[in-house]
Amino acid sequence: MATHAAFMPGTEAKSHGVLWSWLTTVDHKRIGILYGTSAFIFFLVGGVEALIMRLQLARPDNTLVGPQAFNELFTMHGTTMVFLAIMPLSASFFNYMIPLMIGARDVAFPRLNALSYWIFLAGALFLNASWLFGVAPDAGWFGYANLTSRQFSPTASIDFWVLGLQILGISSLMAGFNFVVTIINLRAPGMTLMRMPLFVWMSFVTQFLLVLAFPAITVGLILLMFDRFFGTLFYAPAGGGDPLLWQHLFWIFGHPEVYILILPAMGIVSEVLPTFARKPLFGAPVVIYSGIMIGFFGFGVWSHHMFSVGLGPVADSAFSIATMLIAVPTGVKIFNWIGTLWGGTVRFKTPLFFALGFIAMFTMGGLSGIMHASPPVDLQQTDTYFVVAHFHYVLFGGSIFGLFAGIYYWWPKITGRLLDERLGKWHFWLMMLGFNTTFFPQHYLGLIGMPRRIYTYAPDLGWYFWNLVSTIGAFVIAVSILVFIVNVVRTQRSAPTAGDDPWDARTLEWSIPSPPPVYNFARVPTVRDRDPFWLQKHGDGHGGKPTGRPAPVSAAEIKAIHMPPPSYWPILLGAAFLFMMSGALISIYQVVLGGLLTLYCMFRFALEYHRPASGGGH
Amino acid sequence: MTSQAASHAEHDPNIGITGLDHRKMGMWAFLGSECMFFGSLIGTYLSYKGKSLSGPTPHEILNIPLTSVSAFVLLMSSVLMVLALAAVQRNDMKWAKIWLFSTATLGAGFVGFQIFEFTHFVHLGLTLQTNLFGSTFFTLTGFHGAHVTGGVIWLLALWALAVRGKLGPEDALKVEICGLYWHFVDIVWIAIFTLVYLIP
Amino acid sequence: MTTRVPSRPRVTTVLLLLTVLALASACSWVGWDWDTPMSTVMPKSDFGKMTHEIFMLISWWTLGIFILVEGALLYCCWRFRDRPGAPIPKQIHGNTPLEVSWTIAFAVILLIFVIPTIRVIFKTQEAPAATALRVDVVGHQWWWEFRYPGLRITTANELHLPVGQTVAFYLNAPDVIHSFWIPQLGGKRDVVPHRVNQLVMTPDTPGEYPGQCAEYCGMSHANMRFRAIVHPKGEFEQWVKAQQAPPVEPTDALAQQGKALFAQSACVGCHVISGVSAGVLGPNLNHFGSRKMFAAGLLATTAENLTKWIENPAHMKPGALMPNLGIKGEQSKALAAYLLSLK
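Chains as they are written, first to last, in the numbering used here: chain A, 1 to 618; chain B, 1 to 200; chain C, 1 to 343.
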């Protein structure tokens with residue numbers, strides 16, 4: 001667990017190479033960068049998968065890829081974007097930003113944090129290794145039973161998927177425990193819960209969702225694994241099992257998962273808008289409460305993914321009402337964001353563009369969501385491209401735009417360099433254009449009956465032209481991502497001239513150097529407001545004078561800061577765990593050996609600082 | 001906690017703004033997650049109750065008196081866990097070792113009962129593949145048994161540390177966290193025992 | 001601080017681009033043809049019409065909210081844009097009455113959607129009247145079987161219905177989950193193994209309506225299509241009569257040769273032709289020649305298509321469970337001729 005040992009900041013790279021220092025790092029900032037980089041690479045992988053699918057659908061009866069490849073592509077596209085792109089990109093911000101925003105020097109369990117990352121990477125690589133063996137998962141990211149049974153999916157494809165998701169789930173759970181404790185326990189003095197920045201708040205709700213929702217899919221996957229490996233009957237209709245059990249377990253996880261994907265982006269937008277409107281978030285407590293409400297109701301709406309399975313009119317009505325109810329806090333948030341802009345002085349920098357793009361696009365996704373919250377309407381729309389359009393407006397127009405807002409906003413804090421504004425705006429406008437060109441026509445395609453997950457379609461149904469348009473749009477998105485990459489490369493070659501506070505921002509992370517030192521805060525700040533840094537610079541705007549910057553910190557004080565030293569046990573434990581899990585596909589002996597290795601590494605991990613060489617525990 | 005430890009609290013990097021230890025809070029978060037885990041497993045069991053297409057059925061096969069004994073053994077181990085923690089806190093390492101080891105022993109005894117029960121059921125013709133009752137029963141109780149096994153390993157590890165003189169009152173929190181887990185696993189068994197064995 | 005360009009020209013660009021975007025969307029809306037074969041917004045049954053009304057109700061309201069929100073957003077961007085030398089704005093933290101009132105407004109609008117929704121949920125899920133025509137729909141990987149238990153008819157991939165008559169579909173699947181969907185006749189209902197789902201509707205316009213499996217069901221999910229033919233009054237009875245008749249005996253030599261071949265080969269293991277074979281895994285072929293399309297509505301029923309299909313089913317429909325029996329050349333032509341003669 002957390003460590004007591006003393007560690008001199010900035011010494012980690014000296015004794016060994018740079019690579020070693022990254023492999024053994026327990027610094028939340030470095031782990032954040034690792035998460036972000038991995039997530040972006042998988043975002044590109046998932047994007048290429050999407051482009052191939054769009055090419056296949058560009059015209060009717062196309063034969064670019066066959067049905068098997070197409071089914072693998074949409075399965076891996078969904079799984080990748082949800083678990084390997086958006087979630088870890090959010091995790092990247094949790095890692096890097098939460099400690100900075102709450103005035104902490106690290107997370108509660110730095111080594112556990114590193115372990116979460118390595119296990120995440122293990123799961124991601126494991127899942128994608130299925131491509132190398134030619135057995136990529138092909139039952140959809142939702143993997144509906146009983147198509148996933150041995151009988152209907154005899155190859156190892158589903159095994160890769162089940163085990164990969166289990167590994168990723170463990171990573172998410174550990175990260176969830178870590179951040180729940182970090183946010184509750186590591187806040188700077190004076191930072192009450194209601195003074196926490198909005199991003200921290202939304203992340204906090206997200207952690208609870210992770211901790212409480214993942215067990216449901218874990219159990220669902222265990223039952224599936226048992227069905228496939230040991231011949232149990234959980235999802236086997238022949239033995240009396242009900243395939244709908246999977247749908248319940250999956251969506252009890254799956255709907256909170258939607259909020260796991262969107263809440264962090266909402267948090268980012270709630271940080272970006274006040275900074276660039278130079279006004280506090282309008283009705284911050286209401287935004288916080290509505291975030292909590294969304295998280296809470298998120299557990300009570302899962303069956304709206306199942307309106308077509310025939311649950312009966314009472315269940316349909318109940319889940320419809322609950323789903324409509326959840327639209328209220330969501331709508332409230334949108335109005336509060338507009339209220340934040342109202343009366344401000346809005347500075348049009350790239351992060352703000354993405355935040356505005358988030359509001360504009362997410363609103364559309366939310367409104368189309370209300371349509372299929374009504375079960376009769378849903379019966380027409382579910383499993384059509386209308387739904388594909390809907391959730392891309394939420395997850396791309398929402399999450400991805402929000403996360404890009406965060407990337408542009410915090411890039412100077414992380415690297416000390418401002419991303420180029422001109423390229424940033426090109427990125428934004430191309431992405432906006434490409435996104436709408438891709439997904440807006442899909443509303444229409446769905447309404448004229450185009451089902452999801454079809455690799456081909458007949459020419460006489462009127463679907464051709466707008467599919468072609470959609471494909472063109474997808475490539476415009478790809479170009480916008482290229483612009484972003486160019487921007488990053490060019491920016492990183494320039495001198496770090498951003499300064500500590502390039503946006504005249506409001507929260508604590510901007511009060512420290514860019515990039516922050518290993519210990520983040522030379523002196524842990526005392527907080528008196530939701531916008532503590534703004535208060536220092538500009539006062540409260542109601543006659544309260546600026547409180548001024550705190551006195552500089554002496555070198556001796558910095559020397560006395562204790563930071564956790566690097567550890568190689570997280571990566572070793574992650575490797576042992578991967579070895580054990582992959583044994584399930586190879587041999588029982590590997591599972592046993594891997595299990596023993598894992599247990600050994602766990603002991604070493606747990607006892608690493610049990611009795612530090614320096615003696616006393618404190 | 002000794003008064004010396006308390007005075008150190010503000011410097012202890014494991015104590016946060018709430019005055020609670022990170023590790024304890026982390027364990028509570030973990031147990032919250034575990035509630036959902038066992039909740040989902042128990043829900044699966046209940047939703048398939050009586051839906052088996054063939055026998056054996058629960059009342060043909062479950063041995064309530066025998067399992068009551070093993071449940072009692074597990075419950076008693078919780079009492080010993082409390083004693084073990086108390087001993088560690090008052091730096092009575094001799095008794096701490098005894099109580100830790102006997103807690104682990106009772107836990108192992110419970111697992112032993114379960115192994116016996118499972119093999120007995122297999123002889124009676126109930127396996128994971130036989131019917132829905134077999135699938136759900138073995139999975140639910142098996143995962144509980146795996147949790148108990150994990151707890152036994154944890155207890156034995158603490159005991160081994162104590163034997164080597166590497167466990168003292170300053171480690172009381174580590175024992176307390178292990179105890180939280182142990183009591184939780186116990187409570188889950190009460191739920192499983194009631195829902196699976198006692199309610200017809 | 002970094003380069004602070006006066007933001008007026010930027011804002012103009014923003015608005016310009018957004019307007020172009022909005023106009024492009026609007027134009028495309030106008031250019032959209034809604035009267036297509038699988039359109040969900042051209043309902044041709046009571047069931048479809050009921051759901052469509054709710055869809056339109058929500059659509060108009062959400063369009064209004066959409067314009068309000070996006071308009072407010074654009075207005076804020078324009079009205080409150082930063083001007084050179086602008087002072088720090090007033091630090092407003094919120095306005096409770098305002099926030100409470102828009103929360104209530106949302107709730108009220110949602111109530112407007114909820115009430116008709118619940119009414120239609122219960123109305124469309126009522127038990128069918130005893131006079132309803134019962135059709136058992138069986139979803140197979142990857143084709144549709146339609147049984148009319150009251151009429152003793154079994155057919156595949158082509159659903160025949162009388163106009164103005166209430167139909168009760170009983171949906172079941174022997175393998176994996178499918179979803180039964182004829183967009184013009186209304187919403188879909190999943191076809192779940194180990195469970196019989198119901199869908200009740202009364203088609204009100206004669207015509208031919210394509211349908212398709214809407215729940216991903218494996219390799220050839222995209223090819224699991226069918227057609228519903230709603231007959232005008234009187235025509236349906238003719239169809240029933242024709243289907244109830246025993247399969248015709250082939251008259252020309254090639255077809256007779258085909259029949260002999262059929263009876264000797266593995267075909268009989270899976271297909272029913274009354275008096276010839278009794279297999280049940282594949283589609284019933286009694287009146288195969290009367291169907292316009294075969295192979296789950298994928299191929300037109302022509303001699304050429306059928307010959308190709310017999311020679312290599314999986315080539316025509318990937319993953320098709322009908323095996324390649326190695327029947328080639330003259331033999332497959334003869335088989336095709338026989339099957340086509342089964343009008």
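Among the hints, erroneous ones may be present.
As the list claims (entries may be wrong) - Chain A stretches covered by chain B per the calculated footprint, using a threshold of three residues with CB under 8 Å from any CB of chain B:
id : segment
1  : 172–178
2  : 574–581
Claimed, not checked - Taking lysine to aspartate or glutamate pairs in the DMTMM-like style, the calculated list, with each CA pair at most 25 Å apart, reads:
id : chain 1 : residue 1 : chain 2 : residue 2
3  : C       : K90       : A       : D529
4  : C       : K233      : C       : D252
5  : C       : K90       : A       : D504
6  : C       : K90       : C       : D136
7  : B       : K174      : B       : D92
8  : C       : K333      : C       : E304
9  : B       : K166      : A       : D504
10 : C       : K343      : C       : E70
11 : A       : K425      : C       : D204
12 : A       : K559      : B       : D12
13 : C       : K90       : A       : D501
14 : B       : K174      : A       : D529
15 : B       : K174      : B       : E34
Stated by the list, open to error - The following residues of chain B were derived to be distant from chain A, with all beta-carbon distances above 10 Å:
id : residue
16 : T18
17 : E34
18 : G39
19 : S47
20 : F72
21 : K94
22 : I115
23 : F116
24 : T119
No wet-lab data here; the hints were simulated from the structure. Ideal Cβ placement from N, Cα and C applies to all residues, glycine included.
Which constraints among the numbered hints does this structure fail? Numbers only, ascending. Of the numbered hints, 2, 4, 6, 9, 10, 11, 14, 16, 17, 18 and 19 do not hold.
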